[in-house]
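Visitor: One-letter residues, chain by chain:
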Amino acid sequence: MNRRKAEEYFFRVLMFISSTIIIMVLLHIIYSILKAGLPHLNWDMISKVPEGGYYFGKGGGILNAIVGSLYVAIGATSLAFAIGLPVALFMNIHLTKWKKVVNGIRFLMDLLCGIPSIVYGAFGFTLMIFFGLRTSLLAGIITVTVFIVPIMIRAIDEVLMTIPRGLFESALSLGSTKSEISYRVFFKQSIAGIITALLLSFGRAIGDAASVLLTTGYTDYIPTSLSQPTATLPLAIFFQLSSPILEVRQRAYASAVILIAIILFISLLARILTYSYKKNKINY
Amino acid sequence: MSQTEISIKNLNLSFEKQQILKNINVDIPRHKITVIMGPSGCGKTTLMRCMNRLTDLNTQAKVTGNIVIGGRDILHTNDDITEIRKMMGLLAQRPYPLPMNIFNNVAYGLRISGRKKKRFLEKRVEHYLRQVNLWEEVKDRLKDPAAALSIGQQQRLCLARGLAVDPRIILADEPTSALDPISSQLIEEKFAELKSSYTIVMVTHILRQARRIADHVVFMYMGEVIEQGPAEEFFENPKMEMTKSYLKGMFY
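Residue numbers (our numbering), protein chains in the order written: chain A, 1 to 284; chain B, 1 to 252.
Derived by calculation from the structure, the hints in this document are not laboratory data.
Label pairs and their computed distance ranges (CB to CB):
{"hint": "1", "chain 1": "A", "residue 1": "28", "chain 2": "B", "residue 2": "17", "range": "54 to 62 Å"}
{"hint": "2", "chain 1": "B", "residue 1": "117", "chain 2": "A", "residue 2": "278", "range": "26 to 34 Å"}
{"hint": "3", "chain 1": "A", "residue 1": "166", "chain 2": "B", "residue 2": "73", "range": "23 to 31 Å"}
With a straight-line cut-off of 30 Å between C-alpha atoms, the simulated DSBU-like cross-links for lysine-lysine are:
{"hint": "4", "chain 1": "B", "residue 1": "62", "chain 2": "A", "residue 2": "99"}
{"hint": "5", "chain 1": "B", "residue 1": "139", "chain 2": "A", "residue 2": "279"}
{"hint": "6", "chain 1": "B", "residue 1": "195", "chain 2": "B", "residue 2": "123"}
{"hint": "7", "chain 1": "B", "residue 1": "117", "chain 2": "A", "residue 2": "188"}
{"hint": "8", "chain 1": "B", "residue 1": "118", "chain 2": "A", "residue 2": "178"}
{"hint": "9", "chain 1": "A", "residue 1": "281", "chain 2": "B", "residue 2": "116"}
{"hint": "10", "chain 1": "A", "residue 1": "100", "chain 2": "B", "residue 2": "17"}
{"hint": "11", "chain 1": "B", "residue 1": "139", "chain 2": "B", "residue 2": "117"}
{"hint": "12", "chain 1": "B", "residue 1": "118", "chain 2": "A", "residue 2": "281"}
{"hint": "13", "chain 1": "B", "residue 1": "22", "chain 2": "A", "residue 2": "100"}
{"hint": "14", "chain 1": "B", "residue 1": "22", "chain 2": "A", "residue 2": "99"}
{"hint": "15", "chain 1": "A", "residue 1": "178", "chain 2": "B", "residue 2": "143"}
Here chain A is said to cover these stretches of chain B; the calculated rule only asks that three of the stretch's residues, wherever they fall, bring their Cβ under 8 Å from a Cβ of chain A:
{"hint": "16", "stretch": "76–87"}
{"hint": "17", "stretch": "93–101"}
{"hint": "18", "stretch": "106–117"}
{"hint": "19", "stretch": "139–151"}
{"hint": "20", "stretch": "159–167"}
Computed from a predicted model, the values in this text were never measured in an experiment. Ideal Cβ positions, reconstructed from N, Cα and C, are used throughout, including at glycine.
With the sequences and hints as input, model every part of the structure.
Guide: Written out as structure tokens, the structure reads:
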């Protein structure tokens, strides 16, 4: 066997081993959560709010956290999308002349993506104090929005960057204004990628505990207005897991199963949506 | 000589410190095919991009001089730039269909200029698709994505899309370089037909293509116009030594 063949063989084995390890680890995480959580998952868990003595192992469920998490995640994702899409389009259509500025923004966004979410939580908390707000759904949504906006912008930006200059120039030559190019051409071409960006941001929003720890508070009730505090799933898991009572700890795993199921459901939904939008995309 | 459609005077373009176009003076006749040729990197594509102001997209590019179309200097005007660009249909090196179905690709230009009535659009789309000999091939699948067409069909679709905004001028930047011989021939035949109502400017480095379709030739080398004139004269009786050797295939 010559050297090149040996090299080829070595890297193939290396890639196979690392892929296997990653997949095994992931499967093991899901398996252990399902194993610990599924037996304790029941209809009450997802249909009831905590009843008296819930935290000592008595009846009730975590509907408050499920609804609260959905409120926070959907609210923050929508807000982040409303801010992020225009920013990403602006960077790729209006700022094309100023490459250095765009690269500066990208660098800043990457930096913001790397900041731990607890820092955003603390930032949100100081803002709340400054404005005299209490822990509330609104404060949580705003903090999580700030936390996922950079992710949203960069994810959409990466998709828009793959659009060839020729398409931009062709659309300009037809007499399009830049806004027409934004929503008639670039948006349509990158719709599949934009849905992925939404999904990615939603996943971060619903799964993050630290950014809501200081801002949303925690309650056993489903919030009926933006100014009320709300429970969230990651915090429900966190609080239940730190309980000395076995039943409550088991419910933490059941809550984790619910969180994973929500993310899975949203992903599948997005895939299906993407599929029908993809057909007009041009592969250059 | 017939009327001049585009008159380029003392055009200079530099990119950072490098001068790409040096004192270009070119008159492009109306309703003729003008071919800009020359070896790679001679500035022929850049010259074309000046005409529909795509050079605006580059801040480092400094352009001086005048390009006069229909009595107005399109380089120095406060007129709406989309109006200027609409006067010129662009056919790029490879087709860039819009990410929508075949019908909407052609209807796009009409829609953005405010023509939205369905009956009107259907009529015009059919008209322009017929004009590029694409109608028969696509009439049963107008709702299919443009990506489903072959490259040659896509290029004709792009031509139809460009014609739909009713330009006076067609700018074509090596429009057949990505196409197979039959599709290339279709485009060339189309150009020969279209020149009765449009002024066509085409960049090419294919000498034989230039010989086949050019009415007027501009020969460039290293950012300068070496020779220009009617095609017959240019090919049969070139004046400059450099043109002679280029025509003999001595350099590319």
